[in-house]
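**Q** Residues per chain are reported as follows:
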Amino acid sequence: MNMTTTKLQDALRSLPTDAKEPIVDLNFVVPCVFEALGFAQGEFYPQYVTGDGSVDYALRKNIDENDNFICTGTQPYLLMELKGRDINIAPDSTGYNSVVKQLKRYLLASNCHSAQWGIITNSIHIQLFRKHGKVVFPVTACLEINPDNVDEVIDSFREKIANPSKALTVAVYNNKGGVGKTTTTVNLASVLHRAGHKKVLVIDLDPNQQDLTNSLDLSLLDGKFYTFLSEKDANLQSCIAKYSINYKNRDVDFFDVIPADKEFAEGDETKFRQYLRIDSLRQKLECIKSDYDYILIDSPPNWRIFSQMAICAADVILIPTKHNNIFSLENAALAIKKFVPEIQRLRGDGGPVPLPVFFNGEKITPFQELEAQKAIDEILRKSKSENPNLRQYFYPKETKVSKNREIFSIPSYANIANAAFARIPAAYRDKTANSYYTELAKEYFLQ
Amino acid sequence: MKTLTDVGNLMCLHMDEIEPGEGTDTPEFLINATAKLLNQKEERNWVPVIVKEIGKNQYEVIGNTFVYAVAEAAGLERVWCIIAEPTDSAAEVAKVLAGEAIPQINLSAATRDEIAAALKYLVDQPGSPLKGIKLAVAINRIEEDPGRKYWKTLSPITKLKCGITAGKKLDALKQVFYLAPEPYPDVITEPAILETFTATELKAMAKKRELAVPKSAKKPDLVKLLSA
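Each protein sequence line maps, in turn, to chains H and V. For the first sequence, the residue numbers in my numbering are 1 to 447. For the second sequence, the residue numbers in my numbering are 1001 to 1228.
Treat the hints with care, as some may be off.
Stated by the list, open to error - Derived DSBU-like pairs (lysine-lysine); straight-line CA-CA distance at most 30 Å:
no.: 1; chain 1: V; residue 1: 1120; chain 2: V; residue 2: 1041
no.: 2; chain 1: H; residue 1: 338; chain 2: V; residue 2: 1036
no.: 3; chain 1: H; residue 1: 337; chain 2: H; residue 2: 166
no.: 4; chain 1: H; residue 1: 384; chain 2: H; residue 2: 101
no.: 5; chain 1: V; residue 1: 1203; chain 2: H; residue 2: 224
no.: 6; chain 1: H; residue 1: 397; chain 2: H; residue 2: 382
no.: 7; chain 1: H; residue 1: 271; chain 2: H; residue 2: 248
no.: 8; chain 1: V; residue 1: 1095; chain 2: H; residue 2: 271
no.: 9; chain 1: H; residue 1: 20; chain 2: H; residue 2: 166
no.: 10; chain 1: H; residue 1: 271; chain 2: V; residue 2: 1203
no.: 11; chain 1: V; residue 1: 1149; chain 2: V; residue 2: 1159
no.: 12; chain 1: H; residue 1: 232; chain 2: H; residue 2: 166
no.: 13; chain 1: H; residue 1: 224; chain 2: V; residue 2: 1159
no.: 14; chain 1: V; residue 1: 1041; chain 2: H; residue 2: 166
no.: 15; chain 1: V; residue 1: 1056; chain 2: H; residue 2: 271
no.: 16; chain 1: H; residue 1: 232; chain 2: V; residue 2: 1036
no.: 17; chain 1: V; residue 1: 1149; chain 2: H; residue 2: 232
no.: 18; chain 1: V; residue 1: 1095; chain 2: H; residue 2: 160
no.: 19; chain 1: H; residue 1: 284; chain 2: V; residue 2: 1149
no.: 20; chain 1: H; residue 1: 271; chain 2: V; residue 2: 1036
Hints were generated in silico from the structure; no laboratory data involved.
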């Protein structure tokens, strides 16, 4: 048996069981964790001013011998928020929710635009978060560390931090149909490309409706995507269509699309379950995550294999609802408290996470807004005991002090709905539509 | 709650995702000839391999290893499998159900019929080392031995004078019997059980029961004393 112990193991073993934050800091984080994560002296900056409070540490590797992060403090790459062992940050504890909120605030603060990673730890639990644009999401579960696993855990963090995937994968999902998932997906892709200059891939994973593929006037695939998902070494490039618009007599490429596959519409679900796993799409997308900034998946309005694969492949889930459709709100709540956690258990890495819901494309009067709020309050009241965290997905701006119950909303606009006839996303054809979806992109994704 | 796992599902898995597990000692002829048959007549193994999930995209055969070996010999890229629970008991039962392991019975508590059936099965095996033993005698002596429920090993059987001697014969019994012995009672008075202890152990027992032990007492005397 190997009897040698590592620095991390020794440090953890010698920490008092009730070690306060400064003890954890001096005896565990500074002497061991930073080094194990691959950061040297001069590459970590204590009490870093984020622009919205001070985070315990900001870290960045020095680019060359003239660069010294501790002197310049510019372009932090990783933020770390520490707690003492006296503060419980086990998953779903009050301490956990509050430190995660704190970390998110710092990551999104003005001096931390460059930050891509966040870590929370109290030396009992540790969790790694990724920031992509404006989105902060977990990439590991909140893990319990002990001398037996600490080296492995920190090593896996180092590996992830050194190789951030370029793409954010977003599933657009609501179990209720007719809430504008497809419209949201294509218009979001348009503005991310146009306003954000991002490289975007859109996947039509709703084989029965094929609305997205049709709305862009693209041809359906005839089994290629199914082959890509079920076979080893199958080629994805042959599944990708370019969505381009003819502009001044030449085709300009806008974004890439994997159209709906006829095979999925024609075959039966039992057969697909025999050849595909719920995580097949997630695994297969790994190979193209460095080619795109965003991968948007349009998912079917049910909880069957394709929606499950879409949610499993996603980092975050965007949930359109209609303020005047109670079922769309109830289904959003159901997805957040039941379906998404099922996938989280399957994946075991803390993901995916839902983004706060938004109201999509209906005229809303102050009276209707109040009615919608009443309906949401009723949904929240019913599930309060089991899911106290559901509230943040409906009222993200509400805090203990602020009663701001604003829900982001895309206004009603005839040209958005009519755009499907023209086979061009409204955001490309129409300034107003473009501005609405640019707002959506900025609210959720673009920093 | 609805579950998203594949446990219970029939899936067509890639061969290279499946570990062979314990392997099979089926003769090569059977494997190769069956592989040829499969290739000639069917492209699908309608009798599935039983696997458990051991990691991401990783499975291990727990039953129907023969089918797996045939699929490999036939050069199949994918093989039909049933995904079983990844527990030891599922693996144990799968092996027995697939006919790859012999089910064992608890000899400590087995009924006469069970003992008789198990011994008959062993004697009927081709080349059985137990051929020639008097089955009826063996069944009787094993079943009736009052110490059976306390046996920690099968060796007391060799003292039953039923033709089962230590070595190959006794080893053969291990295929079908396991023991889950009861603890000895606080006070043992049954002479046959007392006989299985050494003189020193019997003396200690007598001392514990505060019986006067004559200095010259031998084992038979002690048994007599303790069973009185």
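**Q** With reference to the structure, classify each hint as holding or not holding.
**A** Checked hints:
1. V:1120 - V:1041: Distance ~39 Å between residue 1120 (chain V) and residue 1041 (chain V) Cα, so the pair is violated.
2. H:338 - V:1036: Status violated; Cα separation ~49 Å.
3. H:337 - H:166: Distance ~29 Å between residue 337 (chain H) and residue 166 (chain H) Cα, so the pair holds.
4. H:384 - H:101: Holds - the C-alpha atoms of residue 101 (chain H) and residue 384 (chain H) are around 20 Å apart, at most 30 Å.
5. V:1203 - H:224: 83 Å, violated
6. H:397 - H:382: 21 Å, holds
7. H:271 - H:248: The given pair, whose Cα atoms are some 47 Å apart, is violated under the 30 Å limit.
8. V:1095 - H:271: The given pair, whose Cα atoms are some 27 Å apart, holds under the 30 Å limit.
9. H:20 - H:166: 37 Å, violated
10. H:271 - V:1203: At roughly 72 Å apart (the allowed maximum being 30 Å), residue 1203 (chain V) and residue 271 (chain H) break the hint.
11. V:1149 - V:1159: Holds - the C-alpha atoms of residue 1159 (chain V) and residue 1149 (chain V) are around 16 Å apart, at most 30 Å.
12. H:232 - H:166: 23 Å, holds
13. H:224 - V:1159: 72 Å, violated
14. V:1041 - H:166: Violated, because 49 Å separates the two Cα atoms, which is more than 30 Å.
15. V:1056 - H:271: The given pair, whose Cα atoms are some 21 Å apart, holds under the 30 Å limit.
16. H:232 - V:1036: 25 Å, holds
17. V:1149 - H:232: Violated. Residue 1149 (chain V) to residue 232 (chain H) sits at ~56 Å, over the 30 Å cutoff.
18. V:1095 - H:160: 41 Å, violated
19. H:284 - V:1149: At roughly 58 Å apart (the allowed maximum being 30 Å), residue 1149 (chain V) and residue 284 (chain H) break the hint.
20. H:271 - V:1036: 27 Å, holds
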